[in-house]
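K.L.:
Here is what each chain is made of, one letter per residue.
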Amino acid sequence: MPAEAPAFDEVIHAPHRLRICAALSAAHQVEFGFLQERLGLSKSALSKHLSQLAAAGYVAQDRAVRDARSRLWLSLTPRGRRAYTAHVKALREIVGNGDG
Amino acid sequence: METGAGGRPTEHEAREALAQVASAEDAVRYPPLPRWFFLGQAALVACICLAQLLPPSDARNATFAAAVAAIVLGGRYWLFRDRVSGVLPSSADMLPFLAGTVGTVLACLVVAETTGARWIWIVGAVLVAGIVLGTGRAYRRTYGDAG
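Those protein sequence lines, which keep their order, are chains A and B. Numbered per the working numbering, the first sequence spans residues 1 to 100. Numbered per the working numbering, the second sequence spans residues 1001 to 1147.
Okay, chain A solo, but in the shape it has when bound (with noise of 0.2 Å):
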């Protein structure tokens, strides 16, 4: 797989939809309620930021019952790793070229 070209994406890069992009990034799936109490983010806020993230294709939500609880959990899709990898790069270009 060819390694993703540095790209800035405004999408991903509002602060909040950056942390749950780098959270999502760190495993194959993780559960709503985890992410919302490691990112300190009411439910609500989470949902809206999601659903932009959904929106342009970059998260998966799933739903599944386990243990007679339903569960939502969550997943960068493969175009969303590659946007989050290709902006995490811009951002450490940035970074190494002192630009700014």
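Don't take each hint at face value.
[Unchecked claim] Here are the simulated distance ranges between beta carbons:
{"id": "1", "chain 1": "B", "residue 1": "Arg1137", "chain 2": "A", "residue 2": "Gly40", "range": "25 to 31 Å"}
{"id": "2", "chain 1": "B", "residue 1": "Ala1059", "chain 2": "A", "residue 2": "Ala54", "range": "47 to 53 Å"}
{"id": "3", "chain 1": "B", "residue 1": "Thr1115", "chain 2": "A", "residue 2": "Pro78", "range": "46 to 52 Å"}
{"id": "4", "chain 1": "B", "residue 1": "Leu1098", "chain 2": "A", "residue 2": "Glu4", "range": "22 to 28 Å"}
[Unchecked claim] According to the in silico footprint, chain B covers these stretches of chain A (three or more CB under 8 Å from chain B):
{"id": "5", "segment": "6-18"}
{"id": "6", "segment": "23-32"}
Think of the hints as simulated: they come from the structure by calculation, not from any bench. All residues carry an ideal CB built from backbone N, CA and C; glycine is no exception.
Got chain A sorted already, so can you dock chain B onto it with the hints?
P.N.:
Frame of chain A, contents of chain B only:
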């Protein structure tokens, strides 16, 4: 929030964003783990080394059993824990640990095979257990102790 030309972040903003990225990734990738987890892993990797002192067929079985137990323990409490599934370890973070443990085992294998000094596996067991415990201490200091 100030931004650079064309809506791109300034160097300072990019640095802050990267710090947030690292923090958010770590929150998922590295859960607080209890001391016993590392004690258990240290005992299991030491068992893998000490198993090489057994007759070949017993060594194979004991190595397999200890390796499976280490994988199951790591899987249950780290990689596939409750609410997080399929943690993707960072190769950069894992490299020193893997180089230390795998390098020690390979060195023991070479010494035992070339010189017949099978006692080297006892030294190897102490070394790999020490690496796991040292890594565990640093891990719990950085990411938290689950008790």
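K.L.:
Next, verify each hint and record whether it holds.
P.N.:
Hint by hint, here is what the structure shows:
1. Judged by the Cβ atoms, the range 25 to 31 Å given for B/Arg1137 and A/Gly40 holds: they are separated by roughly 28 Å.
2. Between B/Ala1059 and A/Ala54 the Cβ separation comes to about 52 Å, which falls inside the hinted range of 47 to 53 Å.
3. At roughly 50 Å, the beta carbons of B/Thr1115 and A/Pro78 sit within the given window of 46 to 52 Å.
4. Between B/Leu1098 and A/Glu4 the C-beta distance comes to about 25 Å, which sits within the given range of 22 to 28 Å.
5. Requiring three or more residues with a Cβ within less than 8 Å of a Cβ of chain B, the coverage given for the segment 6-18 of chain A holds, as 5 such residues are present.
6. Counting residues of the segment 23-32 of chain A whose beta-carbon sits less than 8 Å from any beta-carbon of chain B gives 9, enough to reach three: the coverage restraint holds.
The structure agrees with every numbered hint stated previously.
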